[in-house]
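K.L.:
Chains as they are written, first to last, in my numbering: chain Z, -5 to 411; chain V, 592 to 670.
It should be emphasised that the hints constitute simulated quantities derived from the structure, not laboratory data.
Don't take every hint at face value.
Quick list of the computed label-pair ranges, beta carbon to beta carbon [said to hold, decoys possible]: (1) V:Glu605 / Z:Asp210: 41 to 47 Å; (2) V:Ser655 / Z:Gly398: 44 to 50 Å; (3) V:Asn667 / Z:Asn115: 22 to 28 Å; (4) Z:Ala117 / V:Asn669: 26 to 32 Å; (5) Z:Ala117 / V:Ser593: 31 to 37 Å.
DSSO-like mimics (lysine-lysine), calculated; alpha carbons at most 30 Å apart, straight line [stated by the list, open to error]: (6) Z:Lys145 / Z:Lys(-2); (7) V:Lys640 / V:Lys600; (8) Z:Lys49 / Z:Lys381; (9) Z:Lys243 / Z:Lys60; (10) Z:Lys145 / V:Lys606; (11) Z:Lys145 / V:Lys600; (12) Z:Lys408 / Z:Lys284; (13) Z:Lys220 / Z:Lys284; (14) Z:Lys60 / V:Lys640; (15) Z:Lys49 / Z:Lys145; (16) Z:Lys60 / Z:Lys145; (17) Z:Lys60 / V:Lys600; (18) V:Lys606 / Z:Lys49; (19) Z:Lys(-2) / Z:Lys381; (20) Z:Lys381 / Z:Lys17; (21) Z:Lys60 / V:Lys606.
For every residue, glycine included, the Cβ atom is placed at its ideal position computed from N, Cα and C.
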Amino acid sequence: MELKRVVVTGLGALTPIGNTVPKFWDGLVNGVSGAAPITHFDAEKFKTKFACEVKDFDPTDFMDRKEARKVDPFVHYAMASTHEAVLDSGLDFQHLDTQRIGVIWGSGIGGLKTFLDEVSNFANGDGTPRFNPFFIPKMILDIAPGHISIKYGLRGPNFSTVSACASSTNALIDACQYIRTGFADVIISGGSEAIINEAGIGGFNAMHALSTRNDDPATASRPFDKDRDGFVAGEGSGTIILESLEHAKARGAKIYAEIVGGGMSADANHITAPHPEGLGAKLVMTNALKDANLSVDDIDYINVHGTSTPLGDISESKAILDLFGSHAYELNISSTKSMTGHLLGAAGAVESIASILAIKNDTVPPTINHFTDDPQLDPKLNFTFNKAQQRKVQYAMSNTFGFGGHNASVVFKKYEE
Amino acid sequence: MSDIASRVKAIIVEKLGVDENEVTPEASFTNDLGADSLDTVELIMEFEKEFNVAIPDDQAETISTVGQAVAYLEKNVNN
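Put together the whole structure using the sequences plus the hints.
P.N.:
Set out below in structure tokens:
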């Protein structure tokens, strides 16, 4: 069976450094940090008092007030970035076969705020169950693609992918496979996350996963810096519209890039710690290259997982050196989490957008907040520290690794006929 | 309008996102005010909370219009 080519025809982003794709890209190339003291709740008693929040956001710009009240923030975010992507794509659903248009959406946790609020109400009551009838449909993770399908009338494949911080990369890979194999013409893919609340920050704090650099939030996310001390929680949403090349051409769509392959693997090692030698990370990149029929020398840029945790950054660097050999030194590597924070289940989508725009603009966004070299890292690797770099980007890879040992990577290519 | 009626109206306007002038005594939650079955359950719960009453399910099933809600509450709420 001949696989169809799959291209990117629409983008939408709601991020801590910009609420639209152009503003997001502007923030990336200018090295803007999205970190600031937490405003979503009173974090006074928490070890970490800052995060990368979405700013100046009003869900009623994207949903009517009644609908907005019945969904969790992770769905507000999904609707916002999808609104932008649909407009951007020029898709006119009225005149398309909507049974062949699907939504595959990732999130790490789903409606955590809803869960927290409803269970708190119950715990603070007299034991009488007074759960809101919207509790379950607000909380469940798959309600995001459900709402997107309802809004646009899309009757094709519709579900969620869950693999913690790899969730939305898995969504993209699935979307690509369904289009390649002819099960759908268009899939709205991506992911959203909204965990900056007491349960999210408290939970990650308890794992010692978050940076506690409370005196200087803007420099707290410092991947590959010697003094990195954990990730910075982020939130938001990224939407990527994937479409078969033939369908895109038939409607004269604008094409950002081609998605040429995806890889998946598991560490099979520990629930939260990465494999110390980066075996799962090496395997997932190997699988992505194999799926794309590429050799290591083809890759120009890797948007790494690079969360700014002491262990994760080392193991990912080892995996890159091990797999790419001498070509590792020709790569541009960067962690845009230095600016956006870690968007968890939305990271794959938002970072894939960064990778696609790097290809489109031949510009690699930086890893900001580099102050001190880490002696454990090979100094010949180019982490694109502190300043964006211009270079031809023909192929870009985006890596994501999730708690549970899930790894997923995708490869995008500059579009050519 | 009674105190109960105006509080009922305020809840409906808030929860269903409708205009105040649509909330007439004859208006049906589902047919006129755009509520689905879950909205209706939520409305009943809001009435229970606001007026500190417990509305049994078999009674709740008989409340489908604004007027029926007001009548039920006027009869069962101790002012």
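K.L.:
Against this structure, judge whether each hint is valid.
P.N.:
Here is what the structure says about each hint:
For the pair V:Glu605 and Z:Asp210, the beta carbons lie near 42 Å from each other, so the given range of 41 to 47 Å is met. For V:Ser655 paired with Z:Gly398, a C-beta distance near 47 Å keeps the hint of 44 to 50 Å intact. Between V:Asn667 and Z:Asn115 the beta carbon distance is about 24 Å. The supplied range of 22 to 28 Å therefore holds. For the pair Z:Ala117 and V:Asn669, the supplied restraint of 26 to 32 Å holds, since their beta-carbon distance comes to about 28 Å.
Separated by about 35 Å at the C-beta atoms, Z:Ala117 and V:Ser593 satisfy the suggested range of 31 to 37 Å. A threshold of 30 Å between alpha carbons decides the hint, and for Z:Lys145 with Z:Lys(-2) the separation of about 28 Å falls inside it, so the pair holds. Restraint check for V:Lys640 and V:Lys600: satisfied, since their Cα atoms lie roughly 15 Å apart, inside the 30 Å limit. Distance restraint check for Z:Lys49 and Z:Lys381: the Cα-Cα separation of roughly 24 Å lies within the 30 Å cut-off, and the hinted pair is therefore satisfied.
Note on Z:Lys243 and Z:Lys60: the hinted pairing is violated, with a Cα-Cα distance of about 38 Å set against a maximum of 30 Å. At roughly 20 Å between alpha-carbon atoms, Z:Lys145 and V:Lys606 fall within 30 Å of each other, so this suggested pair holds. Taking the CA atoms of Z:Lys145 and V:Lys600, the gap is about 28 Å. The hint holds against a cut of 30 Å. Of the supplied pair hints, the one linking Z:Lys408 and Z:Lys284 holds, its CA atoms being roughly 18 Å apart against a limit of 30 Å.
Taking the CA atoms of Z:Lys220 and Z:Lys284, the gap is about 33 Å. The hint is violated against a cut of 30 Å. For the hint linking Z:Lys60 to V:Lys640, the alpha-carbon distance of about 20 Å falls within 30 Å, and the restraint holds. Only pairs whose Cα atoms come within 30 Å are accepted, and Z:Lys49 paired with Z:Lys145 is accepted, the gap being roughly 24 Å. Note on Z:Lys60 and Z:Lys145: the hinted pairing holds, with a Cα-Cα distance of about 14 Å set against a maximum of 30 Å.
Of the pairs offered as hints, the one joining Z:Lys60 and V:Lys600 holds, with about 16 Å between alpha carbons and a cut-off of 30 Å not exceeded. Distance check on the hinted pair: V:Lys606 and Z:Lys49 sit about 26 Å apart at the alpha-carbon level, within 30 Å; holds. A threshold of 30 Å between alpha carbons decides the hint, and for Z:Lys(-2) with Z:Lys381 the separation of about 37 Å lies outside it, so the pair is violated. For the hint linking Z:Lys381 to Z:Lys17, the alpha-carbon distance of about 17 Å falls within 30 Å, and the restraint holds.
As the CA atoms of Z:Lys60 and V:Lys606 are separated by approximately 7 Å, the hinted pair is consistent with the 30 Å bound.
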